[in-house]
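Colleague: The lines below spell out each chain.
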Amino acid sequence: MKNILYLAFLLICFSISAQNSVGTSISKVDSIFSPKLTGELYKPDTISSRGEQFFNVQWVESSVLLSTGERIDGVKIKYNGFLDEVIWQNTSNFKQFQLDKSYISDFWLKNDMDSTIHFQRLNITDSTARNPSGIFVEVAVEGKLSLYIQHKVSHLVDELVAYKYFVIYEKTPLYYIKLPSNIYFRMSELNRKSFLNLFPEQKKTLSKMIRANRLNLKTANGLIRAIDLMNQSRLY
Amino acid sequence: MRTLLKKTYFILIVQLLALMCFTMQAKSAVQEAVYLQTDRMTYIAGESVYYKMYVLDAASKKRSDLSKIGYIELRAPKSDPTLKIRVKVDAGLASGCFLLPDTLSSGNYQVVAFTSFMRNQGEKSFFQSNMVIVDRFDKTLDFKKIKSSPKDTNVCHQTDSLPWIRTDKKVYAPREKVVVSLGKTNYKANVSVSVYEESGDTSTDRSIVETLNGWSAKPLLTDYLPESRSKILRGRVIDAKTRKNIQTATVLLSCPDIVPNLQYATTNANGMFQMSLDTYYDGKELFFTLKDVPAGSNWKIEIEDNFNLSDKWEPELMTDKVLTDSFLLKSQDIVSINRSYELEEGVYEDTLPKKEPICPQLFRCPVKSIYTSDFIPLNDFREIAVEILPTVSIVKHDETYKARMVSFMGNEYADKEPAIFLDGVYVDDINKIMDLGSDRILKIDVIQTERAFGDLVFYGVISIISKSNEILKTKPASNSLRIKSDHSNISKSFVAINPNSIKDKHAPFFSQLLYWNPNLELMGSDHTEFEFFTSDNIGNYTIKVEGISDDGTPVSSSSCIKVITPENILVK
Numbered sequence: 001m002k003n004i005l006y007l008a009f010l011l012i013c014f015s016i017s018a019q020n021s022v023g024t025s026i027s028k029v030d031s032i033f034s035p036k037l038t039g040e041l042y043k044p045d046t047i048s049s050r051g052e053q054f055f056n057v058q059w060v061e062s063s064v065l066l067s068t069g070e071r072i073d074g075v076k077i078k079y080n081g082f083l084d085e086v087i088w089q090n091t092s093n094f095k096q097f098q099l100d101k102s103y104i105s106d107f108w109l110k111n112d113m114d115s116t117i118h119f120q121r122l123n124i125t126d127s128t129a130r131n132p133s134g135i136f137v138e139v140a141v142e143g144k145l146s147l148y149i150q151h152k153v154s155h156l157v158d159e160l161v162a163y164k165y166f167v168i169y170e171k172t173p174l175y176y177i178k179l180p181s182n183i184y185f186r187m188s189e190l191n192r193k194s195f196l197n198l199f200p201e202q203k204k205t206l207s208k209m210i211r212a213n214r215l216n217l218k219t220a221n222g223l224i225r226a227i228d229l230m231n232q233s234r235l236y
Numbered sequence: 237m238r239t240l241l242k243k244t245y246f247i248l249i250v251q252l253l254a255l256m257c258f259t260m261q262a263k264s265a266v267q268e269a270v271y272l273q274t275d276r277m278t279y280i281a282g283e284s285v286y287y288k289m290y291v292l293d294a295a296s297k298k299r300s301d302l303s304k305i306g307y308i309e310l311r312a313p314k315s316d317p318t319l320k321i322r323v324k325v326d327a328g329l330a331s332g333c334f335l336l337p338d339t340l341s342s343g344n345y346q347v348v349a350f351t352s353f354m355r356n357q358g359e360k361s362f363f364q365s366n367m368v369i370v371d372r373f374d375k376t377l378d379f380k381k382i383k384s385s386p387k388d389t390n391v392c393h394q395t396d397s398l399p400w401i402r403t404d405k406k407v408y409a410p411r412e413k414v415v416v417s418l419g420k421t422n423y424k425a426n427v428s429v430s431v432y433e434e435s436g437d438t439s440t441d442r443s444i445v446e447t448l449n450g451w452s453a454k455p456l457l458t459d460y461l462p463e464s465r466s467k468i469l470r471g472r473v474i475d476a477k478t479r480k481n482i483q484t485a486t487v488l489l490s491c492p493d494i495v496p497n498l499q500y501a502t503t504n505a506n507g508m509f510q511m512s513l514d515t516y517y518d519g520k521e522l523f524f525t526l527k528d529v530p531a532g533s534n535w536k537i538e539i540e541d542n543f544n545l546s547d548k549w550e551p552e553l554m555t556d557k558v559l560t561d562s563f564l565l566k567s568q569d570i571v572s573i574n575r576s577y578e579l580e581e582g583v584y585e586d587t588l589p590k591k592e593p594i595c596p597q598l599f600r601c602p603v604k605s606i607y608t609s610d611f612i613p614l615n616d617f618r619e620i621a622v623e624i625l626p627t628v629s630i631v632k633h634d635e636t637y638k639a640r641m642v643s644f645m646g647n648e649y650a651d652k653e654p655a656i657f658l659d660g661v662y663v664d665d666i667n668k669i670m671d672l673g674s675d676r677i678l679k680i681d682v683i684q685t686e687r688a689f690g691d692l693v694f695y696g697v698i699s700i701i702s703k704s705n706e707i708l709k710t711k712p713a714s715n716s717l718r719i720k721s722d723h724s725n726i727s728k729s730f731v732a733i734n735p736n737s738i739k740d741k742h743a744p745f746f747s748q749l750l751y752w753n754p755n756l757e758l759m760g761s762d763h764t765e766f767e768f769f770t771s772d773n774i775g776n777y778t779i780k781v782e783g784i785s786d787d788g789t790p791v792s793s794s795s796c797i798k799v800i801t802p803e804n805i806l807v808k
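Here the protein sequences line up with chains Z and H, keeping their order. Counting in my numbering, the first sequence runs from 1 upward without gaps. Counting in my numbering, the second sequence runs from 237 upward without gaps.
For reference, chain Z alone in the conformation it holds in the complex (with noise of 0.2 Å):
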């Protein structure tokens, strides 16, 4: 009995893998004439600083999806917040790249829990962006209200520890809500009144919402469990 069962395992196995080949032929074409990334030289500041300019310190394997339509998986790249920009680690030659801005549209990071963080880049105007062509944010909820969270880092004043110079970064999130009407609405500061202030004509049911769900809106947590929440009731 177990040599048949044994048996019959085996030619499963093998009749999926052949029926897989199909996906893997597509595969391989779609590995070997994935687009190329583009960007330019970017060196790393050699200043000593304290605080982190990046958003994810280490090199994580990632997908790109670029403004063509097209996708290219495996990238091992960074998102500096201070920048704005990716940066790409080019494995063929170690050398280090900050990604054509306009080129990106999304990119999908992947973090210690095996999941992945959704950024996107939006063509919102910021006076004090370096660079022109919208802001990454990260894709904290989708749906009829949407939020996004600018993983900003500003630099601070320089401090002079022991006759040396330290940059200072700080941790600078921004968070924007997008309407159904595609108007986006920005936030510095997390707290109860100024969310509610953005809603005046739906404040007093929000207040409720709030209160009912224990919604502590100084955090980014409390912020993404409030929309969703938004979009769940159909408030908006």
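Check each hint, because a few of them may be wrong.
Stated by the list, open to error - Some but not every residue of chain Z turned toward chain H, in silico, with C-beta under 8 Å:
| id | residue |
| --- | --- |
| 1 | 37 |
| 2 | 38 |
| 3 | 39 |
| 4 | 90 |
| 5 | 92 |
| 6 | 97 |
| 7 | 102 |
Don't read these hints as lab results, they were simulated from the structure. Backbone N, C-alpha and C define an ideal beta-carbon position, used for all residues, glycine too.
For chain Z, the structure is supplied; the task is to place chain H on it using the hints.
Modeller: Relative to chain Z, chain H alone:
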């Protein structure tokens, strides 16, 4: 101990059997077969051939979603192909038409249809069918018929396979409406329908059922990848003198455009390289060159022709002429009449939505553009660099020029030369553009920094757009190659003429093709109806339905109608 040995042997045998089974299945799982239906089998040079191509999974006979490109060739005996047509395949189907040149001489021709992926199975697996093409002015018709066993001498016949074809009548008058009903089938299918005048020669006509039943799995190579996205161009880099394969050579491809564009591939151990050419390259001049060729070497790029057939077609001909001359003479007259009355066969229209091609741009970052018209006239590129390109330094050494980019700090030069692009094309040598003065240059884009394009690194970029396509006047280096890319055949459909819509009521209306629909969907549960009009051409007409069902069953059925008139209006 003996039991253990027995068990071990048993497991080993089972594994061996399973491995054999796997190998056989893997070979048959990804093989493709092609069937091509044309509207007729006999044509007059200058007429259009309407076709429908089926790309099928050879094992299941279902429509294959693997290859997106198909190839059709028309060739005469012992000759190179007369026509080469590349078609776009969508979910295993392609349809359209191609024009037979007026200059074709009378004789037998062969149509060959295949996908690039089928090359793994050998050329014998390609679809092959014969047709007769006659020159409109050739009244001698001095050619012999291909030797083959005639299938049916009865001109008008009804097959008993599904779907049943029923017409409202069997005999029609000229310019009368014909209503055809295709009976219920127990499956959904996509079929093509052709209604054409029977030539009396059915010997070369093979149905989809016969073709697919005669198809057998061939030994499988893995050299050719499926063209699942776009056309794949294959080539080789060799030493021109020794013909030795060159490994790890970088082949660059770009084409004239207003933006610098690039694609590259690296040769493998056999000196082979492959590039994917999407619709962006259709009909364009392709410039191939090699990057970083060692000094003194004599490397050469060779491109494989996707249409290449290794053997010439040599059909066995009958000893005497047996072709039905009267039919061919009548066909010639009909074409001549239609030409003189400027009556088109039908109305063509595009059926496939066009996808925007993607240009493989070298950079997509903001750059500072310099327009030469903003400055005083400058004689050559060296003067231009000195006067208006502060970040570019050009030095002359041993009668040749070299370019260097100045670093951001302005105090040092890059080690290597920047990439030069002229009219969007990568130029391997700056000396080729040194003659260009501001009277011939429209715009210059300069990127000072080191840039990556995939795994390639360029130490700055100088992109020049000329006023009148100067790139076409440059002489290619020995290690460069210039070829013209073909176009994929545009999908066009046939629309049957309604004789009531002809303005001149006295104008003759002769047609040997009354109806052609390459994409008729049979819903299975219901009848499918279509209609068309007969013409002034009296004769026997075949209604031929061919296609493939969703579950991979080949569909082939035919019927006939007659068009008669009391008066014989045809000029013989």
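Colleague: Hey, does the residue 37 of chain Z contact hint survive, CB to chain H under 8 Å?
Modeller: 6 Å, holds
Colleague: Residue 92 of chain Z was flagged as interface toward chain H. Is the shortest Cβ-Cβ separation under 8 Å?
Modeller: 4 Å, holds
Colleague: Answer holds if the nearest beta-carbon of chain H is closer than 8 Å to that of residue 38 of chain Z; otherwise answer violated.
Modeller: Holds, about 5 Å.
Colleague: Are residue 97 of chain Z and chain H close enough, Cβ to Cβ, to be under 8 Å, as the hint says?
Modeller: Holds, about 4 Å.
Colleague: Does residue 102 of chain Z pass the interface check with chain H, least Cβ-Cβ distance below 8 Å?
Modeller: Holds, because the Cβ-Cβ distance from residue 102 of chain Z to chain H comes to roughly 5 Å (cut-off 8 Å).
Colleague: Any CB of chain H closer than 8 Å to the CB of residue 90 of chain Z?
Modeller: 6 Å, holds
Colleague: Given residue 39 of chain Z as an interface hint, is its Cβ closer than 8 Å to any Cβ of chain H?
Modeller: Cβ of residue 39 of chain Z sits 5 Å from chain H, so the hint holds.
Violated hints for the displayed structure: none, as all numbered hints are satisfied.
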